[in-house]
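Line order of the protein sequences matches chains A and B. Under my numbering, residues 24 to 222 are what the first sequence spells out, in order. Under my numbering, residues 24 to 222 are what the second sequence spells out, in order.
No lab work stands behind these hints: they were computed from the structure. In this text, all values refer to a predicted model and were calculated from it rather than measured experimentally. In this text, a Cβ means the ideal position worked out from N, Cα and C, and glycines have one as well. One or more of the hints may lead you astray.
Derived SDA-like pairs: lysine to any residue, alpha-carbon spacing no greater than 20 Å straight-line [stated by the list, open to error]: (1) Lys71/A / Gln139/A; (2) Lys71/B / Gln139/A; (3) Lys71/A / Arg99/A; (4) Lys71/B / Ala54/B; (5) Lys71/B / Glu136/B; (6) Lys71/B / Gln139/B; (7) Lys71/A / Ala46/B; (8) Lys71/A / Ala54/B; (9) Lys61/A / Arg43/A; (10) Lys71/B / Lys71/A; (11) Lys71/B / Gln51/B; (12) Lys71/A / Ser94/A.
Footprint (simulated), chain A over chain B, 3 or more residues, beta carbon under 8 Å [as the list claims (entries may be wrong)]: (13) 32 to 42; (14) 122 to 130; (15) 167 to 181.
2 protein chains.
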Amino acid sequence: MDEEPRTEILNATYRALCERGYADLTLQDIATEAERSKASIHYHYDTKEELFTAFLDHLYDRYMAQIETVSGETAREQLRSLFDTLLADGDAVPGTEFRTAMLEVKAQAPYNEGVQAKLIQFDEALLGRIQDILADGIETGEFDDSIEHELVAEFLTTAITGARTRGVAVDCSVERLDEMMIEYVETHLIGETTAEVPY
Amino acid sequence: MDEEPRTEILNATYRALCERGYADLTLQDIATEAERSKASIHYHYDTKEELFTAFLDHLYDRYMAQIETVSGETAREQLRSLFDTLLADGDAVPGTEFRTAMLEVKAQAPYNEGVQAKLIQFDEALLGRIQDILADGIETGEFDDSIEHELVAEFLTTAITGARTRGVAVDCSVERLDEMMIEYVETHLIGETTAEVPY
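Isolated chain A (complex conformation) (with noise of 0.2 Å):
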């Protein structure tokens, strides 16, 4: 099967989900958006949930290159890169309406088990990433090795999600959030001004 309209198809439901968001999102919003018929939807997606699951697929494989390949020689440098690409505002990252309507997803996962699997996915990915440089920080002995990196790293992707969710629902600053994680990293991780800066 041809690669280049299913491409389409999740790149107007991207643009779809941005604009109508997710609870009342249909089939026939996703084909007007890509100027399709509805028909030739169904050609390639039975239903919207599995247009929905290979959508969140296709974000997954963006999502993973985004945090494979974060910046920085070291691994406080590459720390402070995740956070800024995850945290940023601005044109180079998904704007309010596309974390508006992930916020309703996360919503909607209870009552969906294909969506919340896709979603422990995400969090998995990000939580695993977080431990992995914190590992090599303290391998290096960039990072105190006194830390508990699989908690510091649970801490850190719950700080991370809740900057997200208060960025949509309280309207606030996610670039501010940002610093603050990275005073957190900069006070806390960092071998020798652990002891003199206590937080």
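Mind docking chain B on chain A? Use the hints.
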């Protein structure tokens, strides 16, 4: 106007929200849940929006009472009790259904100024409460006086928000996240231990 029916309606709104979620909730659902006619709901609240605003006010009062009266003699105990209140699983706290509905409400906030204004009140109340506990703890010498209490309060508010989102979205144990938060406080904020156990 009699307060009793209004309270009944607000309680029915809570139950209907748990059962149906926010997006598709109608005044008719609430009327059915309250065992009242739709007309009698309209007698008290003109629109779904007006009812929902009153419902959020009602929740806010309960939330304030909850976070203002956390138990504990010391700041450290109060912070722990606050986390337990907001993150514990079990019968004493609202279940997954309600948390899920509230996440849905958060995802609607950018499209509804009134709802967002209320959510900002919840957020600010929590932030303020944590700031106060931290300031008290610094004053009594319980917390390290070098902590930037406004920044730490922002971080903890963000992490609590993230714990609740992850609890819904990826079915993460919020109790485990609660313990993680307590460990953060014990490791980073307590004067004597900070230098010795720098995470």
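Hint-by-hint comparison with the structure:
{"no.": "1", "hint": "Lys71/A / Gln139/A", "verdict": "holds, 16 Å"}
{"no.": "2", "hint": "Lys71/B / Gln139/A", "verdict": "violated, 30 Å"}
{"no.": "3", "hint": "Lys71/A / Arg99/A", "verdict": "violated, 42 Å"}
{"no.": "4", "hint": "Lys71/B / Ala54/B", "verdict": "holds, 11 Å"}
{"no.": "5", "hint": "Lys71/B / Glu136/B", "verdict": "holds, 15 Å"}
{"no.": "6", "hint": "Lys71/B / Gln139/B", "verdict": "holds, 16 Å"}
{"no.": "7", "hint": "Lys71/A / Ala46/B", "verdict": "holds, 18 Å"}
{"no.": "8", "hint": "Lys71/A / Ala54/B", "verdict": "violated, 32 Å"}
{"no.": "9", "hint": "Lys61/A / Arg43/A", "verdict": "holds, 17 Å"}
{"no.": "10", "hint": "Lys71/B / Lys71/A", "verdict": "violated, 29 Å"}
{"no.": "11", "hint": "Lys71/B / Gln51/B", "verdict": "holds, 10 Å"}
{"no.": "12", "hint": "Lys71/A / Ser94/A", "verdict": "violated, 36 Å"}
{"no.": "13", "hint": "32 to 42", "verdict": "violated (count 0)"}
{"no.": "14", "hint": "122 to 130", "verdict": "holds (count 6)"}
{"no.": "15", "hint": "167 to 181", "verdict": "holds (count 10)"}
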